[in-house]
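These protein sequences, in sequence, are chains A and B. Counting from 1, one number per residue, gives the positions in the first sequence under the numbering used here. Counting from 1, one number per residue, gives the positions in the second sequence under the numbering used here.
Some chain B residues well away from chain A (every beta-carbon gap over 10 Å; in silico):
(1) K9
(2) K32
(3) D122
(4) G126
(5) K139
(6) G157
(7) R161
(8) E182
(9) K206
(10) N286
(11) P358
(12) D385
Pairwise CB distance ranges, derived in the manner of DEER restraints:
(13) T183/B x L374/A: 50 to 56 Å
(14) S13/A x T183/B: 18 to 24 Å
(15) S33/A x V8/B: 50 to 56 Å
(16) G379/B x G34/A: 21 to 27 Å
(17) K42/B x L374/A: 27 to 33 Å
(18) A377/B x K318/A: 39 to 45 Å
If you want a taste of the chain A side facing chain B, the calculated C-beta under 8 Å gives, among others:
(19) M1
(20) I2
(21) E6
(22) M360
(23) R361
(24) K362
(25) A377
(26) G379
(27) M381
(28) D385
(29) M391
(30) A392
(31) L397
(32) K399
(33) F400
Treat the hints as calculated values from the structure; they're not laboratory data. Computed from a predicted structure; not experimentally measured. Every residue, glycine too, gets a C-beta built ideally from N, C-alpha and C.
One letter stands for each residue in the lines below.
Protein chains: 2
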Amino acid sequence: MIGEKELVKLVKSSDTKIVLIVMDGVGDIPDKSGKTALEQAKTPNMDKLAAEGNLGFTLPIDWGITPGSGPSHLALFGYDPLEHEIGRGVLEALGIGLKLGPNDLAARANFATRDDKGIITDRRAGRISSEVNQKLCEKLSRNLEAIDGVTVKVYPGKEHRFVAVFSGEGLYDNLMDADPEETGKMEKFVEALDEKSARSADIANKFIKEVQQVLKDDHPANTCLLRGLAKAPGITGFGDLFGLRACAIASYPMYKGLSRLVGMEVIEGLNTLEDEVEELKKQYNNYDFFYLHVKKTDSYGEDGNRPSKVKTIEEFDKLVPGITGLKPDVICITSDHSTPTDIKGHSWHPNPILIKGPHMRKDGACAFDESECLKGAYGTMFSKDVMQILMAQAGRLKKFGA
Amino acid sequence: MIGEKELVKLVKSSDTKIVLIVMDGVGDIPDKSGKTALEQAKTPNMDKLAAEGNLGFTLPIDWGITPGSGPSHLALFGYDPLEHEIGRGVLEALGIGLKLGPNDLAARANFATRDDKGIITDRRAGRISSEVNQKLCEKLSRNLEAIDGVTVKVYPGKEHRFVAVFSGEGLYDNLMDADPEETGKMEKFVEALDEKSARSADIANKFIKEVQQVLKDDHPANTCLLRGLAKAPGITGFGDLFGLRACAIASYPMYKGLSRLVGMEVIEGLNTLEDEVEELKKQYNNYDFFYLHVKKTDSYGEDGNRPSKVKTIEEFDKLVPGITGLKPDVICITSDHSTPTDIKGHSWHPNPILIKGPHMRKDGACAFDESECLKGAYGTMFSKDVMQILMAQAGRLKKFGA
Numbered sequence: 001m002i003g004e005k006e007l008v009k010l011v012k013s014s015d016t017k018i019v020l021i022v023m024d025g026v027g028d029i030p031d032k033s034g035k036t037a038l039e040q041a042k043t044p045n046m047d048k049l050a051a052e053g054n055l056g057f058t059l060p061i062d063w064g065i066t067p068g069s070g071p072s073h074l075a076l077f078g079y080d081p082l083e084h085e086i087g088r089g090v091l092e093a094l095g096i097g098l099k100l101g102p103n104d105l106a107a108r109a110n111f112a113t114r115d116d117k118g119i120i121t122d123r124r125a126g127r128i129s130s131e132v133n134q135k136l137c138e139k140l141s142r143n144l145e146a147i148d149g150v151t152v153k154v155y156p157g158k159e160h161r162f163v164a165v166f167s168g169e170g171l172y173d174n175l176m177d178a179d180p181e182e183t184g185k186m187e188k189f190v191e192a193l194d195e196k197s198a199r200s201a202d203i204a205n206k207f208i209k210e211v212q213q214v215l216k217d218d219h220p221a222n223t224c225l226l227r228g229l230a231k232a233p234g235i236t237g238f239g240d241l242f243g244l245r246a247c248a249i250a251s252y253p254m255y256k257g258l259s260r261l262v263g264m265e266v267i268e269g270l271n272t273l274e275d276e277v278e279e280l281k282k283q284y285n286n287y288d289f290f291y292l293h294v295k296k297t298d299s300y301g302e303d304g305n306r307p308s309k310v311k312t313i314e315e316f317d318k319l320v321p322g323i324t325g326l327k328p329d330v331i332c333i334t335s336d337h338s339t340p341t342d343i344k345g346h347s348w349h350p351n352p353i354l355i356k357g358p359h360m361r362k363d364g365a366c367a368f369d370e371s372e373c374l375k376g377a378y379g380t381m382f383s384k385d386v387m388q389i390l391m392a393q394a395g396r397l398k399k400f401g402a
Numbered sequence: 001m002i003g004e005k006e007l008v009k010l011v012k013s014s015d016t017k018i019v020l021i022v023m024d025g026v027g028d029i030p031d032k033s034g035k036t037a038l039e040q041a042k043t044p045n046m047d048k049l050a051a052e053g054n055l056g057f058t059l060p061i062d063w064g065i066t067p068g069s070g071p072s073h074l075a076l077f078g079y080d081p082l083e084h085e086i087g088r089g090v091l092e093a094l095g096i097g098l099k100l101g102p103n104d105l106a107a108r109a110n111f112a113t114r115d116d117k118g119i120i121t122d123r124r125a126g127r128i129s130s131e132v133n134q135k136l137c138e139k140l141s142r143n144l145e146a147i148d149g150v151t152v153k154v155y156p157g158k159e160h161r162f163v164a165v166f167s168g169e170g171l172y173d174n175l176m177d178a179d180p181e182e183t184g185k186m187e188k189f190v191e192a193l194d195e196k197s198a199r200s201a202d203i204a205n206k207f208i209k210e211v212q213q214v215l216k217d218d219h220p221a222n223t224c225l226l227r228g229l230a231k232a233p234g235i236t237g238f239g240d241l242f243g244l245r246a247c248a249i250a251s252y253p254m255y256k257g258l259s260r261l262v263g264m265e266v267i268e269g270l271n272t273l274e275d276e277v278e279e280l281k282k283q284y285n286n287y288d289f290f291y292l293h294v295k296k297t298d299s300y301g302e303d304g305n306r307p308s309k310v311k312t313i314e315e316f317d318k319l320v321p322g323i324t325g326l327k328p329d330v331i332c333i334t335s336d337h338s339t340p341t342d343i344k345g346h347s348w349h350p351n352p353i354l355i356k357g358p359h360m361r362k363d364g365a366c367a368f369d370e371s372e373c374l375k376g377a378y379g380t381m382f383s384k385d386v387m388q389i390l391m392a393q394a395g396r397l398k399k400f401g402a
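Build the full structure now, drawing on both the sequences and the hints.
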């Protein structure tokens, strides 16, 4: 497979436009009806696109591997998800809307309960309310000082969860979690897995001790666990890699965060699917590439709510003419991963994909669903390859070799 | 994927014969007729082979990547085209029929016009005629001396183009072009991108100065530009890799050059398709492997001439019984890359492939065209994998592991 280094040399400029629509988790398996969500939904507009375009399936990581949202989106954005790992701490930070720079090390943290002997008696501090969490974070913010020249900021999440961001020179993230993983066990501290990460472990552990000092009278939230300590991966910007002015149209923080991480411009303040499509129209002349994210297909998949997943697909289908009406040169509709309602979670099943560009082969597919994707021209490919096809169809890649 | 090192260990000898037919650029996309060139052409003989064999598609480099003829042929010959890059200078030299050895560094050169101050006022010396070019090359040949122990030979091409070949020990090719790329700019000299290539850059630049000296009164052709300076890549010979006595049956210089580069025996003096098939019959007992090249399917693709592309396919189909009549153990018909007539150039679309050997699966395909290839047993694979299948069908590969 071609790598980023070779690919970037092939990129040429053009005035073509590409729209990548990610219907999060839309891929499914048949439920008791014998049909998938896409097969149940009435989608005349996507079916028309499917008849004109080419279909197939994508694998985000590999056969049988269920991806998280981070790697599955990175792959669709053209990055090898096995080369660019996004730590949990970074994802958690992106998820609450934080922007991370190259000197930032992020951790997902839990407020927890510790007894006098250092035993963790509750890993979630009795699931304190988000309001209490916010007050504790404010108290920590007032009292925390820089540790060895590294500043620490804490940001409240829901219930007992918060994010800690360490900022300074020379931080490394080859670190083990500070989490005993079970209640009733002795507290753990961060351990470094290599020499250069030792100072970061030391700073993280000084932070835990400071938290214990500041919160000594705040039982049950009198300590914290730190997990998934990670820096944002060094990624070649999407604009530098593909020569595209890219715009992310998404309403959920984590997807906006991921887009920002790869260097897309992120539109803020969008809530509904209608908002998103209207924004696409508004921004259409300002960018070459649009990533549009449909969240609820995944949420209803996670809930096991097939009727609402089907309804979301149908609602989106009604908005498709508003997008195709803009006449983008290349349009792609796919999911980042499957979220079958019978599984109530992400799965490893390949994602249905539809690509329509100016230079299509003919295939036997005439509707956008998993059964028709089996007749598609693409067979099963890796999600990472999708951007190459979109770029080729958009006339934005030179010949390889002579 | 298995690499050359592992593959070579699996090779075993046999008296089976393999015929690989490359219909250059035959892959296409539907034009206004709704059909591809293969779908329009009447090809009863290839269709019969398709019904007996298995079909599918190949990717020369990767999804969305349009290959040049060099890498796409290397891939079909079983070499990873991303590992073995062929420089422009080498291809240009092969294209005019030169044979390059391990001590040769080749450059594609232009005669150009330079003013007193070193400004390049015409990068093509007013597109001088091929006759003038030939005389200038003869003049250079009479006057050029070895530079630091390295001999330089020049070979005329068409109009202002020629090839310069530097021959000597210790030449390296991590070099930038000596070409300002635009008229009206100051002349450029070759720059080395690493230390070991510095001497080669120096020799190339002394050559440019010598050319300027010899041609000082030959305005407009009073200097030269050097581009794509490259050595032939170090390649494990086709015979060593696959244990095959291989014969290349092609009429165009570049394909003969590529075949020679990988160590095939090249038959000279062939012009027509009929010549090629007759030569195959004549040589049939002398070799184990035959590469037969059909050029015009690509040429007519590049011209956007669908009727002539279809006619070439039909003409070749009439010659197929002459090949199958030899009863080769394995026969493969494919393209190196697609050259759709609507695109008038190479494209990234996967290549139709047909393989017929003694141990076939059954698939749904019963004619040789892109729509039938969708029903094929191979799905979409990399071109590099084809040789492995041909070798396996020919009983020329041992078991991997026990």
